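Protein chains in written order, with full-length UniProt numbering: chain R, 1 to 411; chain F, 1 to 411.
A couple of the hints might just be wrong.
Stated by the list, open to error - Now the stretches of chain F that chain R is said to cover, found in silico as 3 or more residues with beta-carbon under 8 Å:
1. 20-30
2. 242-256
What the hints assert, rightly or not - Subject to a maximum C-alpha distance of 27 Å in a straight line, what follows is the list of computed BS3-like cross-link-like pairs (lysine-lysine):
3. Lys99/R - Lys358/F
4. Lys96/F - Lys358/R
5. Lys358/F - Lys338/R
No wet-lab data here; the hints were simulated from the structure.
A quick note: this is a predicted structure, and the numbers were derived from the prediction, not measured.
Even for Gly, the Cβ is constructed at its ideal location relative to N, Cα and C.
Protein chains: 2
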Amino acid sequence: MKQALTEKSIVKELKDGGILTPKGFMAAGAYAGLRHKKLDIGMIMSEAPASCAAVYTTSHFQAAPIRVSQDSIEKEGMVQAIVVNSACANACTGEKGLKDAYKTRELAAEKFGLLHQHVVVASTGVIGEYLDMEKIDSGIQLLQPGKSKSDAESFQTAILTTDTNMKSSCFQAEIGGKQISMGGAAKGSGMIHPNMATMLAFVTTDAAISSFYLNQALKEVTDVTFNQITVDGDTSTNDMVAVMANGFAGNEPLTPSDPEWPLFIALLKENCISLAKQIARDGEGATKLIEVTVSGALNDEEARVVAKQIVGSSLVKTAVYGTDANWGRIVGAAGKAKAFINPETVDIKLGTIAILEKSNPVEFCEEKARSYLEKEVICIDVHLNVGTGKGTAWGCDLSYDYVKINASYRT
Amino acid sequence: MKQALTEKSIVKELKDGGILTPKGFMAAGAYAGLRHKKLDIGMIMSEAPASCAAVYTTSHFQAAPIRVSQDSIEKEGMVQAIVVNSACANACTGEKGLKDAYKTRELAAEKFGLLHQHVVVASTGVIGEYLDMEKIDSGIQLLQPGKSKSDAESFQTAILTTDTNMKSSCFQAEIGGKQISMGGAAKGSGMIHPNMATMLAFVTTDAAISSFYLNQALKEVTDVTFNQITVDGDTSTNDMVAVMANGFAGNEPLTPSDPEWPLFIALLKENCISLAKQIARDGEGATKLIEVTVSGALNDEEARVVAKQIVGSSLVKTAVYGTDANWGRIVGAAGKAKAFINPETVDIKLGTIAILEKSNPVEFCEEKARSYLEKEVICIDVHLNVGTGKGTAWGCDLSYDYVKINASYRT
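Modelling step: build the complete structure from the supplied sequences, incorporating the hints.
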């Protein structure tokens, strides 16, 4: 714990940075005509092939671009470009959809003189519609990757669907005597447009690291970051997180046995936490970010399970929206978590306000609790007092607008 | 399948019947002063000790009355009375709460001259408050069990919290040459009052059957009925389903080897399905009952898992509320179910309208779909085409009123 804090303190956030802060990366966004107005196709490119690792949706209905990206990345773990379109998810589109996704990869590879397997593709938008390949083609031809801040923002905008804002992150640390930068861009806010969901996140770094170890790092970090957010409990057909590491920082390739490996993990984790929280906060209809931290669990995994169960409970979400300190709802949600819980030893705090101690109600000031719940970030701390496991999950409140957005879109 | 249909057709529903239709049962409801006005304490009594089986909440935070009822039923499997109060759940109330629940059992036993272990107690209402034992005592003294329809309705009313209506069921069948009646009463509609939830269901029958086999039947039936409904995904601390069988019908005690055992199961199942659907339909803010049937799964259990995943999805629920035929949401929900699904072979129907065939979108009439979704009972049929497993789950739509009820109760 102490070490983690130290690493976190060495890792520095660059508020103004993003996916182009690491050396050797370019980005672009263009208008292919898939949407009414907004930029709808974007790409990130590395000046040289980069080690790449990715995690994908666990949905049974993986979209075509997910399958093509897996094919690219599994070939040799090296990727040079990621092409993303919004408006159409190319999911549930059968053989034709798969062919279209391969064609998208081919068009981008040929336009930029890359190997096909060095291109990753991602789509987000309506399920069950085919990609308009003429528009995709003309969109790709319009892409002009550059290194300026506006190039990064064009990419960040092109990947959004109904998100209310762009999501980016950037952190730096000195590793192996070199300044290592890592930046991220993401989209995702739940199903606002009918059949539209998808969380996509792309992380760039100039660190040198093999795709094998990058993969190991990403899996470790995903479990405690992206897998710990929930907006409405549904998993998209198109979710993907991809990291590209091009080695332009000039460090010795990193391995888990390096003393500074935890620093690299911290870099990746901070980026992913930052993006994950931005996605949760921008959940459909959300007015607040909810952060639930569970400690004293049997182990970290059980702590995460309980935290996610609480933050995903419609009753907890609605109570937070209504600034109602209903601790019974937190107990209700925790009560069904698949984890060891001693019903006699639970402490719960809302911010710093103790509301349950050793599972017994604490008299608390209702007004103070309500005024805490009016904040934009709500922290719920649950201590199970049965072990040393710790975990956090993030979500958002459940408002009238959630129902409005999802019920009345086509009426 | 054919046999089940036959049994179902032999089992007859009595629209006007209820918990007092089976011979040898009495009921009562009274006003103990726990609530503002409404009857708040009730009881069901058998004229002689009855075989009893029950299933309880799986929450880590089982309420005190649940523990006392388990103690009663486990003693010898015989019960003569069930006493239920609303307004206070007696949950998260520690040692004092447990003492109060035992005291409630004792007061009822002594008032009616019963053995302590022949009394089951149940509570539903606010979590974290103690029972007012003076009021409980005076309420119990007011109980005058009778056999009229109004006695049954007094009981049915006394157990309600914020339900909008009473819930009861009644079915009959001839088994072993005797007319067997079985009736049920239930409450439950989600968390309308802060910290209030709880599904309670009580079933009476005059069949003769040992508590051992009754327990076996109840477990089998619960899995496909009460465990297949969801309003908001949260499990109460006080849930309980209890069945009393007093043998007054005079049949030979039933065992699973009887040729008519499936008929008894059908009786129990029809009662439980009826009560479960009434609870789902009365979910907080609900305007519709949603019934999801999954067939063609690897086995029945996986079919039930997928059905419950779909009916519990906030996105599916909101789409149904908004009469929006978003089949992508059904796919999204099914996609994360823990079951074997072949993403290429799924058929989906909304009522009789095919919307997905072999995982490919079907052109359907949007107007027809919308008008179907305006009905009060919405059936979604999903065929996975990978096996012969079948299962159903019930739930309700997610409306503005859900948010209103849960967010603004105390504001």
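Hint check results:
1. 20-30: violated (count 0)
2. 242-256: violated (count 0)
3. Lys99/R - Lys358/F: This hinted pair holds, its Cα atoms lying about 18 Å apart.
4. Lys96/F - Lys358/R: 14 Å, holds
5. Lys358/F - Lys338/R: 35 Å, violated
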